Amino acid sequence: MLAFLVRRTIGALLVCAAVTFIVFLIFIVVPGGGPHGTAERIAGKNATTQNVINIEHEWGFDRPFYIQYWRLMNKMFNGTLVSYTSQQNVLSQIVDGIPATFSLTIGAGLIWLFFGIVVGVISALTAGRLSDRIITVLALIGISMPVFWLGLVARYYLAEGGLMTFFPDGEYVPLTQNPASWFAHLILPWLVLAVLFIGFYGRVLRGNILDTVNEDFVRTAKAKGLTPRRILLKHVLRTSLIPIVTLFGLDFASVLGGGAILTETVFDLHGVGEYAAQSIGNFDLPPIMGVTMYGAFFIVGFSVLVDLFYAYLDPRIRPT
Amino acid sequence: MAQRTGETEFTLDPSAELAGETAASEIRGRSPWYLAWRRLRRNYVAFFSLFIFVAVVLACALAPVYAHHVAHSGPNSNHILEVVKVNGHPQSVVSVGGVIKGKLVASLPIGPTWFGGGGKFVLGADGSNGRDEAVRLLYGGRNSLLVGIGSSAICVFFAVVLALLAGYFRGWIDFVITRFFDLFYAFPVVLLGIALGSALAINGFHHFGISVQSGSLWIPTLVISYVLVPYVGRPLRGQVLSLREKEFVEAAIAQGASPLRVMFSELLPNLASSVLVFFTLIIANNIVLEAALSFLGAGVQPPNPSWGTLISSGRDFIVTRPWLSLAPGLAIVLTVLSLNVFGDGLRDALDPRAKVKVQH
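Each protein sequence line maps, in turn, to chains A and B.
Counting from 1, one number per residue, gives the positions in the first sequence under the working numbering.
Counting from 1001, one number per residue, gives the positions in the second sequence under the working numbering.
Check each hint, because a few of them may be wrong.
Said to hold, decoys possible - Some chain B residues near chain A, calculated using beta-carbon distances under 8 Å: (1) L1035; (2) A1186; (3) V1189; (4) L1200; (5) V1288; (6) V1333; (7) V1341.
Don't read these hints as lab results, they were simulated from the structure.
Since the structure is predicted, the reported quantities are computational estimates derived from the model, not experimental observations.
Beta carbons are placed, not taken as given, at the ideal position from N, Cα and C, and that holds for glycine.
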């Protein structure tokens, strides 16, 4: 297990190094435009000529590419990356947004995992034509509906200012400030973000359960005379949930870098995603650089954790 | 079960083919494609979805006709100061706002006229520019579909080439290509799309003699096709690797076939069904991705309409003029759902055992 951990960590560090190069390529090299053009892009819309010249010099755009890379990494790792449009430090803005982003994604993740498992178990127990159809339809709608549109519609119809008022309208209230209000403000975003995954997870789990019930160890458990409930919970479900764990790890990461950005924007939750979205609107590149790189770092680290958990759950796939 | 055995006769497994020859009189002329077609034909839901998708494509392709002959407007023509007769009553396209439903609005565009306006402003006007929303919806659909279909074609093309190279040559070429795929798994698709889209949206792409202006549709198309290559390439590579071990490939190599010949006339035909399914499902996926990027401002750039930008600009009027954002959203759901249902049907028809799916 320790060897696995060490190897996985070294691999992750290599990936992180490559991520920094990709960020450099995406934002500095690929768009091109010469030293001045690059500086203009970083400076944002309202920059004066002097600002652009300063940036060109400060970031080393008039120097060879390895100096440019070095200076960019310096700014990233020292946390001195600054948005030239708002004059704010990117890292501190991202740190400020983290509570909202994680409140949203963790809550939504728990909801879709819980309901996904419930739906999957129910449909596997009642495997027949109707439950099949309903779950397939749910899963298909889930991958076909843009989450930001669902959010807009939900906010318009169910939150304050809309047609019917069941939920408070958008905004994020810190947990430490008022837990009840935190919860009330997050219910709708949670549901919007989670609902699209429930059908999909239900469908996957249903397939896994139906595959597992034919395994030998389930027959053994039956032959031992265990109750159906115990067989389901202790033997079938535990095995069937393993692929769900990996899937959840992948989806949670992709929601952090996708669905959460859109949901936060729609509901005005002041998280990292909304910060990124606002920066895109202003064509303000440094925050987008920061969010992309720190986000990718987080996801690489997170996938190491998922792999470790996976190896703990299922000794068969534990690499030596 | 009878259907299952019928199928195995058409896998490119030589022993199955030899066995099939004895019963050649019964199965003459039935290619795998014909069998797939026969299975697909029975799937009415898939056919209905294909019909809906084709209808959406046709409607969007005919956008200029609608704009010219029905709405008498263009996708970007302003009608701020004009007055339209709705059911005989004149109404200004953009009226002065005020406090409406508890919110202060600077100006209020005309709402949907449905059939009362003689074809003008069927879905109302968009925001304070007074542009015809229905016209923009169709033109936006054209852009969304162009980006969706174009990016899928490019993405699938590169994924197939990379998969063939990696799976055929194996060794270090495979190592480099798989590491490249793995690396891009570190970035969530939307985040990578945002990064590339916003970096390129400012002054375009000017390299290697290729010059793409910042407002061009090529930017979202290329960005989306690029970010999804690993998601198509990795499963295809797996398929190539297993096909590579089959006897017919060995036979072709023994006959002295060049690597290119093996890749394109031996391996590629066997990938065709997966590629087709991937292509369909990736279009659906890319339309949603394009909408998300455009909604955030990193995709199709204004004044070009697309379904994503329409939802984004309709957001300001969500309370007073909900149709401005409802209509493009419904268009996305309809198109993408029909493509996904058809893609599922196609997959079941081509290879009922395949597990081709787009996931990220």
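These are the hints, each one checked on the structure:
1. L1035: violated, 24 Å
2. A1186: Check passed: Cβ of A1186 (chain B) comes within 5 Å of chain A, closer than 8 Å.
3. V1189: holds, 6 Å
4. L1200: Since chain A brings a Cβ to about 6 Å from L1200 (chain B), closer than 8 Å, the hint holds.
5. V1288: Interface hint status for V1288 (chain B): holds (5 Å vs cutoff 8 Å).
6. V1333: holds, 5 Å
7. V1341: Interface hint status for V1341 (chain B): holds (6 Å vs cutoff 8 Å).
When each numbered hint is compared with the structure, a violation occurs for hint 1 only.
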